[in-house]
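Asks: What follows is the residue order along each chain.
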Amino acid sequence: MPDRGITAIYGPSGSGKSTLLDCIAGLRRPETGGMVRFRDQTWLAPQRFVPPWQRRVAYVFQDSRLFPHLNVQQNLDYADTRRGTVGGASMQQVIHWLELEGLLQHTPAVLSAGQKQRVAIGRALLSSPQLLLLDEPLANLDHNASQQCLAYLQQLAGELELPMLYVSHDIEEVSQLADHLVLLEHGALVDQGPMLDLCGRLDTQLSREEQAAAIVLGSIGQHDPEYGLTELLVEGQTLQIASRDSPVGARRRLRIPARDVSVCLNKPEDSSILNIIPVTLTQMKTDGDARVLLRLALGGQHLLARITRRSADRLGIQVGDRLFAQIKSAALLMESSDHHE
Amino acid sequence: MSAAELDAIQLTIALATITTALLLILGTPLAWWLSRKNASWPALVEALVAMPLILPPTVLGFYLLLLFAPDTALGVAWEKLTGTQLAFSFSALVIGSVIYSLPFVVQPLQAAFQRVPEDLLKVAATLGASPLDQFRSIVLPLTRRSFVTAASLGFAHTVGEFGVVLMIGGNIPGETRVLSVALYDYVESLQFAEAHRLAGGLVVFSLALLYLLYRRDRRHSWRVQA
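Chain order of the listed sequences is S and X.
Under my numbering, the first residue of the first sequence is numbered 272, with each subsequent residue one higher.
Under my numbering, the first residue of the second sequence is numbered 83, with each subsequent residue one higher.
Just chain X, same shape as in the assembly:
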């Protein structure tokens, strides 16, 4: 395996890990809010969250590219804050990936939260548990498996991302050249043996991850899960 390929693997793993972490931090409260009955405009928010599922990634990438350009408010603010350009940077990839993989984290969590009986939270409240305490002591343990599902799907989906990356990241080795882009390069230059190595690796990785998830869900079907 070449140094360029190792770079691409390393970059992909870093991107997917950071994206997944951010998604769990942002997606958990969002999913919780969506799962409660008193959310306002829930259908609109749900639709927005689900958009990346059906939108061609290039559409998302196109608008993000415009948004990240150095002459937009965001681009200017970013440059002032960090001293670097946002477009074609690793940070841009992280932002794009968070949006792109959002439904893969929010939807399983929301489904799991909805299955936590409201009654259990009520009894916890009468036993002296504040809402945060209820979430930590009742909701989290009951939905632990769904967090694993959500994180795995978010991670795997980020690894497989291509269209958004190409639009907003370009192809800078060590900065934005992730596995899927590297694979595209090999195919473009007719290096099929190398392409097989990366493509096959991604197939095996994805299959193994999904297999483990589904096998676990079948074994523990009594848990609250998504």
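Chain S with its partners taken away, still in its complex shape:
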């Protein structure tokens, strides 16, 4: 796995995601032995086991696990006083980034789930880790709180040179955050690669899921305040999306669900669909009895489209055909974490 950026570990429940993190943190010793190496350090080998308190790996759990007998400040101090001499984020920076100023004197019991998780993230950062593990950190939060936390995490990924391993079973979360994606199934690694590549492929377990979606990267163009739309420029094409306050020129990810993309042979002039762009069909794959999944090249990037097998036969489309993709909906992801690109 890459030792920089955010790597998402994605898979169904019981696929061994949390177990993997526990082994990396040293909280669990794999029964079958194995190896854990990080950069030039060997944490687990046949004759070697580095205990968790010597690994400098911080871990943010789904349940924040704040120490109940300590207030917020003391929880932060707990990590701060135990770190080595090496740098990392300072107390003031962490409090400022995560907006913890007003919470410092509170006990964990009175905090909301979102506040607790912010404190837990801050505490993890203050142990000046070399690697940050996050195990479904947003699973217990309501939508607003989880969006807010995501924003904090993205901001942190930009500010810190801290590699993160992020376990989630929520592909939308993963789409927003991850640079790199690791797919697990039944405790085994089935695929891994850069996030955008993996989402645009037909041979992964992701593409078989109902919410399969491609992610494309573009830059923000003009805003159209009258209709509340924003332009996103992707590979020379212009997509129009419901507006968010993104600065012109900013790089953004766009998530396009396969089920919201259809294709036509000629460009329709009278469609209600705004975004109709020329693409090339590069791959087809049957998806169950009734449907096929198409991989459509848009410059160097890819879209997915899920259509009925009947439609595919009626249109007579074949790999290499130039088509028009009609995109019914697309979600502009909050902020791109592609600081590394």
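It is possible that part of the hints are untrue.
[Unchecked claim] For the chain X half of the interface with chain S, some residues (derived, Cβ under 8 Å), not all of them:
(1) V205
(2) A207
(3) L209
(4) A211
(5) S212
(6) I220
(7) L224
(8) A290
Since the hints were derived computationally from the structure, they do not count as laboratory data.
Here a beta-carbon is modelled for each residue, glycine too, at the ideal position from N, C-alpha and C.
Here the structure of chain S is known, so what remains is to put chain X in place on it, guided by the hints.
Replies: Just chain X now, kept in the frame of chain S:
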């Protein structure tokens, strides 16, 4: 109150204090070990710890008396080391009391330790806390009240001890003549007024201690406690 009674009170308090201190030192690691999942033979050790709860104190006293006799290995070694005899000494009482009151200290501590979430220790470990550090910074503060409970019960139970003392300590004023033995003497010699004074005093002491403990536990039921 007579000088003999004051002696007995003083001796009882000294015995209970030393016993309680030893029990906290020995009982804490034992209770911690028992509270963890990876203990080996935990049921057997737990049974041994609990034995004084159900065994007649005279049984325990009888075997300790045999063990402390001057001709046993322990008795000989003790005499070599200290120059005094172990049987019928204050030291013998301390050893007997530690065994006799062990469950009263170990059980509440074990129950409290078991209630400390393993998850908190895991997160502490990832924040750089070694096991000893985890115990000191997480377990101790969360179970502080149970230490008070354990110490109080151990102390009170030692004060109330009679059978073991009589078997291994005898009735030597200033050395092994504790309150419960003094009370027995008064009753034997039909000095009921004096007996009432000691017995009543012990009743009031025990009731007051237990009342304070239970009242505290009701007020702070949110803490990890036993």
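Asks: Compare the structure with each hint and give your call.
Replies: Taking the hints in turn, this is what the structure says about them:
Taking 8 Å as the C-beta cut-off, the interface hint given for X/V205 holds, the closest approach to chain S being about 4 Å. Evaluation of the X/A207 hint against chain S yields a held restraint, the C-beta minimum of about 4 Å falling below 8 Å. Hint status for X/L209: holds, given a least beta-carbon distance of 5 Å to chain S, under 8 Å. With a least beta-carbon distance of about 6 Å to chain S, the hint placing X/A211 at the interface is held under the 8 Å criterion.
Hint status for X/S212: holds, given a least beta-carbon distance of 5 Å to chain S, under 8 Å. Interface restraint check for X/I220: the shortest CB-CB distance to chain S comes to about 6 Å, inside 8 Å, so the restraint holds. The beta carbon of X/L224 comes within 6 Å of a beta carbon in chain S, closer than 8 Å, and the hint placing it at the interface holds. For X/A290, the interface hint is violated, since its Cβ never comes within 8 Å of a Cβ in chain S; the closest pair sits about 29 Å apart.
The structure fails hint 8 only (numbered hints given earlier).
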